[in-house]
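Participant: Take a look at the letters that make up each chain.
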Amino acid sequence: MRRALLALFLRELKTRFGKYQLGYAWAFIEPLGTIGVIFAVLKAFSGATYPGISLPVFLGVGAIINSLFVEITNRSIKAIEANSTLFNYRPIRPIDTVIARMLLETILHISVFVVLAGLFWFFGGEFEVNDFPTLFFVFLFLAIFACGIGIIYMLLTDAYSDADKVLPMLNRPLFFISGVFFSLKNIPSEYWSLFLWNPLFHAIELTRGAVASGYHVEGVSLSYLAMCSVGSLTFAMALYHRRERRLRLR
Amino acid sequence: MIRIEKLSKSYRTKAGTHLVFRDLSLEVPLGTGLAILGRNGSGKTTLVNIIGGAENADGGRIICDASISWPVGLAGGFQPSLTARDNIKFVARLYSEKSEIPRIIQYVRDFAEIGEYFDMPVRTYSSGMHSRISFGLSMAFDFDYYLIDEVTSVGDPQFRNKCDTALEEKREKGAGFIVVSHQMEIVRRFCNVAVVMSSQGGHFYDDVEEAIKAYQNNG
Numbered sequence: 011m012r013r014a015l016l017a018l019f020l021r022e023l024k025t026r027f028g029k030y031q032l033g034y035a036w037a038f039i040e041p042l043g044t045i046g047v048i049f050a051v052l053k054a055f056s057g058a059t060y061p062g063i064s065l066p067v068f069l070g071v072g073a074i075i076n077s078l079f080v081e082i083t084n085r086s087i088k089a090i091e092a093n094s095t096l097f098n099y100r101p102i103r104p105i106d107t108v109i110a111r112m113l114l115e116t117i118l119h120i121s122v123f124v125v126l127a128g129l130f131w132f133f134g135g136e137f138e139v140n141d142f143p144t145l146f147f148v149f150l151f152l153a154i155f156a157c158g159i160g161i162i163y164m165l166l167t168d169a170y171s172d173a174d175k176v177l178p179m180l181n182r183p184l185f186f187i188s189g190v191f192f193s194l195k196n197i198p199s200e201y202w203s204l205f206l207w208n209p210l211f212h213a214i215e216l217t218r219g220a221v222a223s224g225y226h227v228e229g230v231s232l233s234y235l236a237m238c239s240v241g242s243l244t245f246a247m248a249l250y251h252r253r254e255r256r257l258r259l260r
Numbered sequence: 224m225i226r227i228e229k230l231s232k233s234y235r236t237k238a239g240t241h242l243v244f245r246d247l248s249l250e251v252p253l254g255t256g257l258a259i260l261g262r263n264g265s266g267k268t269t270l271v272n273i274i275g276g277a278e279n280a281d282g283g284r285i286i287c288d289a290s291i292s293w294p295v296g297l298a299g300g301f302q303p304s305l306t307a308r309d310n311i312k313f314v315a316r317l318y319s320e321k322s323e324i325p326r327i328i329q330y331v332r333d334f335a336e337i338g339e340y341f342d343m344p345v346r347t348y349s350s351g352m353h354s355r356i357s358f359g360l361s362m363a364f365d366f367d368y369y370l371i372d373e374v375t376s377v378g379d380p381q382f383r384n385k386c387d388t389a390l391e392e393k394r395e396k397g398a399g400f401i402v403v404s405h406q407m408e409i410v411r412r413f414c415n416v417a418v419v420m421s422s423q424g425g426h427f428y429d430d431v432e433e434a435i436k437a438y439q440n441n442g
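From first to last, the protein sequence lines stand for chains Z and D. So the first sequence is numbered by the working numbering: it starts at 11 and just counts up by one. So the second sequence is numbered by the working numbering: it starts at 224 and just counts up by one.
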């Protein structure tokens, strides 16, 4: 890893959790809390069933995947502004600040995922990684996809100062349309196309299939997710190279 | 050596294009100093930032085969919620090998003399303590050139002497300097050549005394 990236990564890590007494534990408590709340709401108000997968696993996967995307993109928006004095240190390029945050979020989410898996296994929930390559590539492609979108968000915020209010708003509905608490099976097939443009939907369903062998996945594809990640990163880098000079100036 | 060829910089403002300098050329051989003189707002810091790499010029080239420091005593380079130790570690990771990091931390700690505050969050520091750390951090590395943008009057007299001595040692070891200062004794001590910035742009003098004369006559 580049020196600057490693240094920024460790700095972000310490800054994020250093000030809390529970420190790094918050990385795990927070998402578990979110999952707990959705679980309670769904248990109380919805009778929907998901064959082949236990409800906590179903929701846990949805919440973590959705949160990975939302956190990476939201934190990229402020990455440049929060770190602008650091550009006095020559080894740091503006994009390093975004990549460091992306790496941190990805590693945090994977850790949470592993802890969650351990909890499910411990309490006898049905959690069994039956397709590790898919799991690996979903996280990889999703992180790349989010990083591309994050860079685009960051550049938009640099160009239009109001974007830092608008973009997090765009992210919010994702929770409701990405299949965090429903699956394609709950939707008549003529409406599938309303949801399947969204790569997050693919990521969530593929992950569910990879950790619950009884859960039947249809309609989604890893190659679509891969295409989205390549597309978003390519577009982001092209934009970034046109704008890098300006970013340094701030 | 730092060589600047036909460097130009302007800002776009609502009132139109503001020219900072155009076709500025100069050379600072290794072990010598460049003074940047001029009134407030004449673009001194802009030029320092461009030489240091924090800003880009619009045109021209900078040819540089040496290491250049960040602005000595850089304000705002620290993360307030982290301790001095963690902030120093961060910069040390950027600029040196892993094995060097403990030495750098120890150096800054001895230099700053702020006791147990060293392991407390930087936001709890007084401005004096802040500059002790940031100045010490700049001195912990051996750069070919040091960027000094008005950091002279930090801290108490005793600490100021210490800073002076540290800079003097760097000079004796053969370091070069890029200095922005309104104190001519400092300019004379560290610089051989100078740029005088004015509303007409920058003018290079290869004799610092001439530059001081020109600056004071127009100032």
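Hint data in this document are derived by calculation from the structure and do not stem from the laboratory. Watch out, some of these pointers could steer you wrong.
The calculated lysine-lysine pairs, modelled on DSSO-like cross-linking and capped at a C-alpha distance of 27 Å, are [unchecked claim]:
#1 LYS24/Z x LYS321/D
#2 LYS195/Z x LYS53/Z
#3 LYS88/Z x LYS229/D
#4 LYS385/D x LYS229/D
Computed from a predicted structure; not experimentally measured.
Participant: The structure should be examined with respect to each hint, and the outcome stated for every one.
Facilitator: Going down the list of hints, with the structure as the test:
no.: 1; hint: LYS24/Z x LYS321/D; result: holds, 18 Å
no.: 2; hint: LYS195/Z x LYS53/Z; result: holds, 18 Å
no.: 3; hint: LYS88/Z x LYS229/D; result: violated, 35 Å
no.: 4; hint: LYS385/D x LYS229/D; result: violated, 38 Å
When the structure is compared with the earlier hints, violations turn up for hints 3 and 4 and for no others.
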